[in-house]
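Please model the entire structure based on the sequences and the hints provided.
The listed protein sequences correspond, in order, to chains A and B. Mapping to my numbering: the first sequence position 69 is 69, numbers consecutive. Mapping to my numbering: the second sequence position 89 is 89, numbers consecutive.
Just so you know, not all the hints are guaranteed correct.
Straight line, CA to CA, 30 Å or less: simulated DSS-like cross-link-like pairs of lysine-lysine [unchecked claim]:
| hint | chain 1 | residue 1 | chain 2 | residue 2 |
| --- | --- | --- | --- | --- |
| 1 | A | 109 | A | 81 |
| 2 | A | 81 | B | 9 |
| 3 | A | 97 | B | 9 |
Short derived list, chain B residues pointing at chain A, Cβ under 7 Å [claimed, not checked]:
| hint | residue |
| --- | --- |
| 4 | 28 |
| 5 | 31 |
| 6 | 41 |
| 7 | 42 |
| 8 | 48 |
| 9 | 50 |
| 10 | 96 |
| 11 | 102 |
I should point out that these hints are in silico values taken from the structure, not numbers from a laboratory. No residue lacks a Cβ here, since even glycine has one placed at the ideal position from N, Cα and C.
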Amino acid sequence: GQSLEQPSEVTAVEGAIVQINCTYQTSGFYGLSWYQQHDGGAPTFLSYNGLDGLEETGRFSSFLSRSDSYGYLLLQELQMKDSASYFCAVPNTGGFKTIFGAGTRLFVKA
Amino acid sequence: NAGVTQTPKFQVLKTGQSMTLQCAQDMNHEYMSWYRQDPGMGLRLIHYSVGAGITDQGEVPNGYNVSRSTTEDFPLRLLSAAPSQTSVYFCASSSPGTNGNTIYFGEGSWLTVV
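Here's what the structure looks like:
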């Protein structure tokens, strides 16, 4: 089976850096993805790590350590619009069955 | 480009009623899925399909049926609605090998069963 754990809530101030962690247990591993969801909206893809290391996309970065079954999403220069829920997700073999973590609600304060 | 389109956006059902949530995608994606989202529980996979004519169960399939007669369409049927099925439903599609199988979601369907 597959399971993912991430914190339920994180609070940070505007302009700061925040890290959202995700640990996973899977029978096989085919990468770790991150999705963002604003209230009332649909989840949207942020990043994907198939190999160990850091992937950077603008203010967002994602890190993966396969040996530790661990990854994180790093958000820099936080803005109010970053207030949202963030989900880590892992696909199964073939990628047609993706399981999501319960999500981390990020509150950005002025 | 419409992406993934699902209807209706809002629906209220009485216990025992049946209904179908419609989902269509125009990206020619092989994979399609239905998720439900409840507070504090993230997205849970209901059913998925790897191509026309092929469907399988996800994490929480009970009370739901699906079919995939075409690549584009993947309707979700509630046969006899129960209050426990009050949730937000998301249809999604993806294609193998694209950036970790990036999933594209529809805008969601808010279902209330009374």
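Each hint tested on the structure:
1. A/109 <-> A/81: holds (10 Å)
2. A/81 <-> B/9: holds (24 Å)
3. A/97 <-> B/9: Holds - the C-alpha atoms of residue 9 of chain B and residue 97 of chain A are around 24 Å apart, at most 30 Å.
4. 28: This hint is violated: residue 28 of chain B lies away from chain A, its Cβ roughly 15 Å from the closest one there, beyond 7 Å.
5. 31: Because about 4 Å separates residue 31 of chain B from the closest Cβ in chain A, which is inside the 7 Å limit, the hint holds.
6. 41: holds (6 Å)
7. 42: Holds, about 4 Å.
8. 48: holds (6 Å)
9. 50: Hint on residue 50 of chain B: holds, closest Cβ of chain A at ~5 Å, below 7 Å.
10. 96: holds (5 Å)
11. 102: holds (5 Å)
Hint compliance for this structure: hint 4 is the single one not met.
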